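Visitor: If you read the protein sequences in the order shown, they are chains A and B. So in the working numbering the end of the first sequence lands on 727, straight run, no missing numbers. So in the working numbering the end of the second sequence lands on 60, straight run, no missing numbers.
What the hints contain is simulated information worked out from the structure, not anything from laboratory work. Where hints are given, some of them may not hold.
Claimed, not checked - Derived EDC-like pairs: lysine to aspartate or glutamate, alpha-carbon spacing no greater than 20 Å straight-line:
#, chain 1, residue 1, chain 2, residue 2
1, B, K51, A, D75
2, A, K421, B, E35
3, A, K425, B, D33
4, A, K425, A, D75
Claimed, not checked - Computed footprint of chain B on chain A, listed as stretches where at least three residues anywhere in the stretch have a Cβ under 8 Å from a Cβ of chain B:
#, stretch
5, 65–71
6, 113–120
Remember, it's a predicted structure, so these values are computed and weren't measured experimentally. Just so it is clear, CB atoms sit at the ideal spot from N, CA and C, and this is done for glycine as well.
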Amino acid sequence: MSLVTIRPSACPACAAAPAAEAQADHAEQPDARLLLSVPAVHCGGCIATIERDLADMAGVNSARLNLTLKRLSVDAKPGIGAQDIIARLAKLGYEAHEMDAGIISMTATEKQGRDLLMRVGVSGFAMMNVMLLSVAVWAGAEGPTRDLFHLISALIAIPTVAFAGQPFFRNAWQAARAGRMDMDGPISIAILLTLIISIYESLLSGAHAYFEAVVMLIFFLLVGRYLDFRARAVARSAAQELSALEVPRATRLSEGAEREVSVADLAVGDVVLVRPGGRVPVDGVVLSGQSELDRALLTGETLPVFASEGHVVSAGEVNLTGPLQVRVTAAGKDSSLHRMADLVATAESARMRYTTIAERAAAAYAPSIPILAFAAFVVWMYISGGDLRLSLNIAVASLIITCPCALGLAVPAVVTSASGKLFRKGLLIKDGTALERLAEVDTVVFDKTGTLTMGTPEPTNLGAHPPQALQVALTLAEGSSHPLSQALARALRAQAVVPVGMDAISEIAGYGMEGTWQGQRVRLGRADWVGAEPSDTTAAYLSIGGAIHPFTFADQLRAGAAEVVAALQAQGKSVRLISGDVPAAVQDLAARVGITDWQAGALPAEKAAQVSELQAAGHKVLMVGDGLNDTVALSVAHVSISPASAMDAARAASDMVLLGRDLRPVADAVRMSGTAMQRIRENLWQSGIYNAIFVPIALFGFATPLWAAFVMSLSSISVTLNALRLK
Amino acid sequence: MEVLAILIPVSLFLGLLGLGAFLWTLRKGMYDDPEGDSQRILDPRYDDKPKPVPPEDDPR
Chain A
1 MSLVTIRPSA
11 CPACAAAPAA
21 EAQADHAEQP
31 DARLLLSVPA
41 VHCGGCIATI
51 ERDLADMAGV
61 NSARLNLTLK
71 RLSVDAKPGI
81 GAQDIIARLA
91 KLGYEAHEMD
101 AGIISMTATE
111 KQGRDLLMRV
121 GVSGFAMMNV
131 MLLSVAVWAG
141 AEGPTRDLFH
151 LISALIAIPT
161 VAFAGQPFFR
171 NAWQAARAGR
181 MDMDGPISIA
191 ILLTLIISIY
201 ESLLSGAHAY
211 FEAVVMLIFF
221 LLVGRYLDFR
231 ARAVARSAAQ
241 ELSALEVPRA
251 TRLSEGAERE
261 VSVADLAVGD
271 VVLVRPGGRV
281 PVDGVVLSGQ
291 SELDRALLTG
301 ETLPVFASEG
311 HVVSAGEVNL
321 TGPLQVRVTA
331 AGKDSSLHRM
341 ADLVATAESA
351 RMRYTTIAER
361 AAAAYAPSIP
371 ILAFAAFVVW
381 MYISGGDLRL
391 SLNIAVASLI
401 ITCPCALGLA
411 VPAVVTSASG
421 KLFRKGLLIK
431 DGTALERLAE
441 VDTVVFDKTG
451 TLTMGTPEPT
461 NLGAHPPQAL
471 QVALTLAEGS
481 SHPLSQALAR
491 ALRAQAVVPV
501 GMDAISEIAG
511 YGMEGTWQGQ
521 RVRLGRADWV
531 GAEPSDTTAA
541 YLSIGGAIHP
551 FTFADQLRAG
561 AAEVVAALQA
571 QGKSVRLISG
581 DVPAAVQDLA
591 ARVGITDWQA
601 GALPAEKAAQ
611 VSELQAAGHK
621 VLMVGDGLND
631 TVALSVAHVS
641 ISPASAMDAA
651 RAASDMVLLG
661 RDLRPVADAV
671 RMSGTAMQRI
681 RENLWQSGIY
691 NAIFVPIALF
701 GFATPLWAAF
711 VMSLSSISVT
721 LNALRLK
Chain B
1 MEVLAILIPV
11 SLFLGLLGLG
21 AFLWTLRKGM
31 YDDPEGDSQR
41 ILDPRYDDKP
51 KPVPPEDDPR
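Could you put the whole structure together from the sequences, leaning on the hints where they help?
Guide: Rendered as structure tokens:
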């Protein structure tokens, strides 16, 4: 049903002019429909919690959560924006993103899915009715009764083929015009030829008509198409989710005034303001201000880096403590981010050329169908001495029996079953061929920060400090939004430490916190500023008077990290760790998760180069990473996975996304991809064996419509059951 | 065999009826969220009375 007919028209006259209505609708839209992606929903409880809470929210008319697509649609009054809903959901503990750009293409996708489903339904009902009549014929109806039944079958089959067969005819026509031969070509020939011969036979009151076989063929093939479509629709909605994320914006300073502009509009020489907590939008040089920069997503370093006047900053770094004014040195196409995106695009187009097992099977099999039928026709013309009707009948019987009903289901049924199971475990497959590529993997490369670890620091030596130092540290740490301070404050609060009274607490941007306690100056911050000897682990230093208390931090291990490494090694994969962080931190983590093969201090380009090198040496690499520095490596790798917390670019470049915090589904996915491929191969063999048995029967002229129907349903059902066997 | 003259139209009519019902459910968007619908049946919120349907609040 189209959009126009359901929507209440603003003015009845407009109904005749959809374009005008769309405009009017835009101008005086009474209520807004917001669409949000909520990746963390997974059960009925989530539906009830979210819908109930939003129903109570002022200004929200109704909210409905689609669990299949993990998408929330909210009907809200004009004053309510997506940000309000996102804030509300955050309070409930669900992360949400607004989806905007995707809306139009999403309805197109849904329309396509509904269209396919409608054809499945029509051919299904036609199949049932034709079969009812055919069973009577097989049971022994003869003479005028049989002819009548055949003619009624024809009346049902002709419109069904005309409507439900369209996807095949369209594809075949496009392929034929482009000079290619795909699976739809032989399918269309078989459908049309069988239909025509069957009509001809019924009119001449012949014994055999293949109406039920034609309709059944269309039905099973459409089911395969629909499964395939659903798998790709889920993947596409994931891709939309990524592209629909925030438009990069920057604050430009011109003549003292601040203006929000799109990053695309920035030019070299512009000055932009980067607030604490904001991401640096462009490459540039710091003009004024001092702060610390979190470069973890760009380089994998966990330690924040100090930045002040004259320091070079890169797009993608996060400003932590003080505001910075940055003069743009490279924007748009020249920026380091954009260059990385170009590398990714190049690598991805290389990956596009991957041919799947289904395509290989179809390419090998497709030409043999018409050739076999034609050969049968010629040979029988010779044997029968020019009996056209007999020869055509045998050719049609072999056409309909060779037609790859089960082949059309063999791959989509397994892929749908496998991706459904993985989705329930928290792994979203974005790319249709990813499962197949994953099955070939023999080497797994992990990134450290944000992948094996959570990317959030945890204090490690709280026990080594006197209680008073802890109290002072808590008081100072609570005043800052620096990640180390926040982690320290959180850990101390959890230990029930209470803050002390303190005067003149202030944050010195880029250095740390300062205050006066019991008449002496206390500082918490960088080593050189506090007056301490810097160590090579992540640390914050507390000075009370002259005494120094170093608080060391370590990155928290992601749940299941050690298990996933052990499981992958048990499956015989070699596991590597390549990080941009300092050697001490990487070595420590490698020991904790049980990886012996590690490398530290790798630049983004080196990561990608290492992955390419491994692949050049004949290995198939699975890359698991989350940062901007992993992006190129992710797209170069044979197949890639990134956690949901990863940078947008990294998620966009990877084939699968881990929705939960746990890493364990990665090992499940590797294992399941192997089993899935095995099932696909079994399925292809199964349909091959059916053909090997029944094609000779057809060629010798023994096949009847009953045989064709029997073979077709038996092979399709056994292939589907085999797919469901997947554990 | 005269009974066929009644039975065949009846079976065709029933078939079309089923097809019509299927197309109706399809248009009403009942296959848009199979996962969610299987969970919603356990939701006690509308056990006593059905969810009030806002006028014209037809998804798409």
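Visitor: State for each hint whether it applies.
Guide: Status of each hint after checking the structure:
no., hint, verdict
1, B:K51 to A:D75, "holds, 16 Å"
2, A:K421 to B:E35, "holds, 13 Å"
3, A:K425 to B:D33, "holds, 18 Å"
4, A:K425 to A:D75, "violated, 31 Å"
5, 65–71, "holds (count 5)"
6, 113–120, "holds (count 3)"
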